[in-house]
Amino acid sequence: MIVEYESKPTFVHRLDPRVKLVWMVCVILVSVAWTHPLYLAALGLSVVAFGLVAKTPWAKLKGVASFMLVVAAIICLIQGATYSVNSVTLRDPERVLFHLVPGWVPGVNPLIPVRVGGFVYGIAMSLKIFIVLLAVAIFGYATSPSEMVQVIARIPFIPYQVGFVLSTAWKFVPVVQVQMRTLMDAHRSRGVDFEQGTFPQRVKKTSAIVLPLFANSLTMADTMALAMEARAFGHSKRFTFIRPYTMSTGDWAVLIASLGVAIACIVLMVTSRLGAI
Amino acid sequence: MATEIISLKDVSFTYKGSKRKALNGISMSVLEGECVAVLGPTGSGKSTLACIMNGTVPCFVEGELAGDVTVDGLHPREAGTAHMASRVGLVFGDPDTQLFGMTVEEDVAFGPANLGLSYEEIMRRVTRCINDMRLTGLEKRAPHRLSGGQKQATAIAGVYAMLPKIMVLDEPTSMLDPEGKAKVFSIVRALKEELGVTVILIEQEVDDIISLADRVFVMSAGSFALSGTPAEVFSEPEKLRKAGVRVPHVVEFGQLIGASSVPFSTEDVIQTIETGTWSMAAPPRDPVAGQPVGAVSEAGIEPARSASDPDPLPDPAVGEPVIEVKDLHFQYPSGAKALDGVYLTIRRGEFVAIVGQNGAGKTTLTRHLNGLLRPTSGEIRVLGRPTEGVPTTELCAHVGYVFQNPDEQLFCTTVAEELGFGPANLGVAPKIISARVEALLSDIGLAKYSDVWPKYLSKGERQRLALAAVVAMDPEVLIVDEPTTGLDWLESRQILDYLERLWRQQGKTIIIITHDMNIVSLYARRVVVMANGKVVGDGTPQQVFSQPELMAVACLRRPAIAEITDALWGEVLLTPAAAAARLYQRTSSHAEVDQS
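From first to last, the protein sequence lines stand for chains A and B. Residue 3 is where the first sequence starts when you use the working numbering, and the numbers rise one by one after that. Residue 16 is where the second sequence starts when you use the working numbering, and the numbers rise one by one after that.
Extracted from the complex, chain A is given alone in its bound form:
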């Protein structure tokens, strides 16, 4: 999943990057703590709501969502077939839902039972992955790489160059993606059909892109480095940030809400198993 920042005039975009980072970390921590699918679904809905406010380009996540549905199905089946849950909420976790090898196949007895407990646990695992990916994507779409640099660079003892290198690498990803598409188009224009042939043949065709992509990326990186050098990058130990971050009321509200809810959820989970399966 490659997330490219999209500048939009939304409340989430305007939030202090540190607050967005805290929100993302809180979501991840709560999703890790909770194991009940209903609680996780509620958390997922809250993340979607946050994404709606951020005008997240959902269409761009279609591909990864389709892939994740397949992964989720596999997780549910594997967990259902192999995992036994000590549930505090499920009435009969050992009840068999269905068999992976069904009984209606002539001459075959039903084999590999999928049980309620394991299956529900699989749903919870899948939801966790969905929530984490979604939170990271919303954060990425709504937080510019330069904002991330500023967040990283303001961490004590980390030189600002480290943050800058990270953000440049981040910005480089879509550039390389465009290059890759162009290289594939150039191949197609010369009769290469990436969809045809056996798997090894297709791998061979695709690998032909790697060398020019690598060579072009190196050339581009070299020119960028030259341009950065010509603008005194690394000249001074001090880098002046031109975005003075001051926390607005909205920032404080989101920060307090994120931390408050996350702490409460985790404490309740630990003390009274609220959110456990």
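Calculated from the structure, these hints are not laboratory results. It should be emphasised that the depicted structure is a prediction, and the values quoted were computed from it without experimental measurement. Honestly, I wouldn't trust all of these hints.
[What the hints assert, rightly or not] Simulated pairs of lysine-lysine, DSS-like, Cα-Cα distance not exceeding 25 Å:
{"id": "1", "chain 1": "B", "residue 1": "K352", "chain 2": "A", "residue 2": "K64"}
{"id": "2", "chain 1": "B", "residue 1": "K36", "chain 2": "B", "residue 2": "K257"}
{"id": "3", "chain 1": "A", "residue 1": "K207", "chain 2": "B", "residue 2": "K463"}
{"id": "4", "chain 1": "B", "residue 1": "K463", "chain 2": "B", "residue 2": "K34"}
{"id": "5", "chain 1": "B", "residue 1": "K463", "chain 2": "B", "residue 2": "K474"}
{"id": "6", "chain 1": "A", "residue 1": "K57", "chain 2": "B", "residue 2": "K155"}
{"id": "7", "chain 1": "A", "residue 1": "K10", "chain 2": "B", "residue 2": "K474"}
{"id": "8", "chain 1": "B", "residue 1": "K34", "chain 2": "B", "residue 2": "K474"}
{"id": "9", "chain 1": "B", "residue 1": "K257", "chain 2": "A", "residue 2": "K206"}
Let chain A serve as the given structure and place chain B on it in line with the hints.
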């Protein structure tokens, strides 16, 4: 009296691992506040010269430097690039590789922020530079959402924000459309005239330089082949041609008509004609081919069109439609509308130039013709057959597509393999492939490099190879996207001459996308003008260049000679030779009338 700010004494440089000297014993002296233009073909050492001035050569790019370099009282090699950055600003040709901020404001602040200046000082500089570079109102815009000219203006502002005394601009307009070029040249003029900055301008655009530079240096093979004031340098057109530099139309026309002084602008030429300070005793001779230009037809376009080919074959006959585009609409997944109802028919044997500013839809349109893009709505037919459902891998046998950047279409490990790659994918027999490869190697002048990795070739050679690699598939229609970007005039002519040979001798239908109106006037027989995703003009070069409003809508500039002849006689001629012949014809007929 101005003081010397740059001094190079007997400077030579050899890149690490190379045997050839990139700079070979050059000396130059630049005074504070001067605007110095450096011309020359690619590979002549211009960029190396630029990089020596701020120390990137040899501090960043290794090699052996000899001689003495002093810039603003410092030796760049010892001072280091980062230290020199506040004295010498270096701007490169590709703006995309030199913009680092998420907004224009952030990018302009990047240099001063690296110097550790205070927030207040940085913002003061940012405001000033954005204003000086005419970027006001774009402060919060993301650089990738700017036009080419605005991007380059941002790059210049970012360098200028470090308040260097010297600005070195290395082909800053090479990637830009005519409007972008005009913007950059207006900024360079402001740097020189309003801000008093010393400017070293490395360029291929001679038409603009001639009235901008105080002095001109012409480089060839690491040395200065010519130097002096523009008047001195441009009064030696033969030496300029020999060095691989295009002679500006105004100068060439002045030479052909025997102007008493070298004209530098269209106004100079018009004044020369009107005051009669010229003398042309005989019909003008084409300065390149050395052939008499001949009579000008009523249409006034034919003579001297193919100066490089003294005895060209006649234009191929135009036949049945090979490309038909009907009501084509295209919207990118992001929602951006790129084509908005395009109608276009291209017939067999045409040589078409598609022109228009960046973002007009030229590339989007042509990528539909071999199926790389599929219409949102509308119909495309290739050789009478709808392209719907036909894959690119099949269409490419009929419509060859050459991309703008050769490095994005060369994949093989040798030149010969590269040429055989396409035909092999189409299932052409090995014997035929070998014959084609051999013929093409000779056609594009790369026979001696057949076993070389394409990456080791020069940009012009790589561009020729990329073109030939598509020609090897023997398509009926050849689409070439910006074939001359980043090339010098000689290399550009080599590419276009090759295309012209394919058109005349093999009857290929040629479609080029270009911003270079000089190329259009020399080679194209039909010009399709695009703006805002639509075809807004279509006709011969003369018809198109005769419509200033159309050129303005498409943000294009017609060639200088077209401006001159339109102003003088109300007709558009495409080459200085044709214009000189027209002048001779008009004067002779006037003389005959007077005698009778």
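Outcome of the hint check:
| no. | hint | result |
| --- | --- | --- |
| 1 | B:K352 to A:K64 | holds (22 Å) |
| 2 | B:K36 to B:K257 | holds (20 Å) |
| 3 | A:K207 to B:K463 | violated (29 Å) |
| 4 | B:K463 to B:K34 | holds (19 Å) |
| 5 | B:K463 to B:K474 | holds (17 Å) |
| 6 | A:K57 to B:K155 | holds (19 Å) |
| 7 | A:K10 to B:K474 | violated (39 Å) |
| 8 | B:K34 to B:K474 | holds (19 Å) |
| 9 | B:K257 to A:K206 | violated (47 Å) |
The structure fails to meet hints 3, 7 and 9 from the earlier list, while all remaining hints are met.
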